Amino acid sequence: QEKVQQSPESLIVPEGAMSSLNCTFSNSASQSIWWYQQHPGKGPEALISIFSNGNKKEGRLTVYLNRASLHVSLHIRDSQPSDSAVYLCAPDSGYNKLTFGKGTVLLVSP
Amino acid sequence: EAGVTQSPRYAVLQEGQAVSFWCDPISGHDTLYWYQQPRDQGPQLLVYFRDEAVIDNSQLPSDRFSAVRPKGTNSTLKIQSAKQGDTATYLCASSFPGNTEVFFGKGTRLTVV
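Residue numbers (the numbering used here), protein chains in the order written: chain A, 109 to 218; chain B, 2 to 114.
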């Protein structure tokens, strides 16, 4: 069964700084790796996904994937207080079957 | 477009009681998922359907849990004889054929006392 580890458990950054979140997964055959954002009392919402080695950029978000090391990272440029949330890493093992990590709690201080 | 709808939003039970959760997926989404999210944990997949067929229910905790999707649209997750360890948020999600993004509802927060 897929194992997903996220670090750090929590992160506090000042407004305008870069936030960097990490995730390692165990199944080298995983399809896309997804990042979800979850605010209190809400369901997770998809932010960005990556399939191929390398990086992918969408707006303030950049994600890096290294399949050899089974590592993916998410970087949020110019972090805003509204970015404060739990960030969940979720490899897709096929047929949209997601396995979630425990999450990283991000707090962006004004 | 309406999102995934779940009801109720909250439920409080005593141990031994039964409860049912209802989910209405996004129209046209053939795959429906139920996840359990304990406090301060990530969501854990319980069961998922493609149309009315169960594809994988191997992670349902015990025979106290059951899920159905009889017409391939709405779904119900039921817990018989709830235990304190069942306290969690239960999330329903759905996805469209060929599109890998999974859309989540707001969840039902269950507290068993």
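Bear in mind the hints are in silico, worked out from the structure with no lab data behind them.
Computed from a predicted model, the values in this text were never measured in an experiment.
Idealized CB from N, CA, C, for every residue including glycine.
Some hints here could point you the wrong way.
Once the Cα atoms are required to be at most 30 Å apart in a straight line, the calculated DSSO-like pairs of lysine-lysine come out as [as the list claims (entries may be wrong)]: (1) K79(B) - K165(A); (2) K72(B) - K111(A); (3) K111(A) - K164(A); (4) K84(B) - K164(A); (5) K165(A) - K72(B); (6) K111(A) - K79(B); (7) K164(A) - K205(A); (8) K205(A) - K150(A); (9) K111(A) - K210(A); (10) K150(A) - K111(A); (11) K84(B) - K210(A); (12) K111(A) - K84(B); (13) K165(A) - K210(A); (14) K84(B) - K165(A); (15) K111(A) - K165(A); (16) K84(B) - K150(A); (17) K205(A) - K165(A); (18) K84(B) - K107(B); (19) K79(B) - K164(A); (20) K205(A) - K111(A); (21) K210(A) - K72(B); (22) K150(A) - K72(B); (23) K164(A) - K72(B); (24) K107(B) - K72(B); (25) K150(A) - K165(A); (26) K79(B) - K205(A); (27) K107(B) - K79(B).
So the derived list for chain B, only partly shown, Cβ under 10 Å to chain A, looks like this [to be verified]: (28) Q7; (29) S8; (30) Q45; (31) L46; (32) R51; (33) A54; (34) S96; (35) K107; (36) L111; (37) T112.
Hints and how they fare:
no., hint, verdict
1, K79(B) - K165(A), "violated, 41 Å"
2, K72(B) - K111(A), "violated, 34 Å"
3, K111(A) - K164(A), "holds, 23 Å"
4, K84(B) - K164(A), "violated, 44 Å"
5, K165(A) - K72(B), "violated, 40 Å"
6, K111(A) - K79(B), "holds, 27 Å"
7, K164(A) - K205(A), "holds, 22 Å"
8, K205(A) - K150(A), "holds, 20 Å"
9, K111(A) - K210(A), "holds, 10 Å"
10, K150(A) - K111(A), "holds, 24 Å"
11, K84(B) - K210(A), "holds, 23 Å"
12, K111(A) - K84(B), "holds, 26 Å"
13, K165(A) - K210(A), "holds, 24 Å"
14, K84(B) - K165(A), "violated, 45 Å"
15, K111(A) - K165(A), "holds, 26 Å"
16, K84(B) - K150(A), "holds, 24 Å"
17, K205(A) - K165(A), "holds, 24 Å"
18, K84(B) - K107(B), "holds, 23 Å"
19, K79(B) - K164(A), "violated, 40 Å"
20, K205(A) - K111(A), "holds, 13 Å"
21, K210(A) - K72(B), "violated, 33 Å"
22, K150(A) - K72(B), "holds, 27 Å"
23, K164(A) - K72(B), "violated, 39 Å"
24, K107(B) - K72(B), "holds, 23 Å"
25, K150(A) - K165(A), "holds, 25 Å"
26, K79(B) - K205(A), "holds, 21 Å"
27, K107(B) - K79(B), "holds, 18 Å"
28, Q7, "holds, 8 Å"
29, S8, "violated, 14 Å"
30, Q45, "holds, 7 Å"
31, L46, "holds, 7 Å"
32, R51, "holds, 8 Å"
33, A54, "violated, 12 Å"
34, S96, "holds, 5 Å"
35, K107, "holds, 5 Å"
36, L111, "violated, 14 Å"
37, T112, "violated, 14 Å"
Violated hints, listed in ascending order, are 1, 2, 4, 5, 14, 19, 21, 23, 29, 33, 36 and 37; each of the other numbered hints is respected by the structure.
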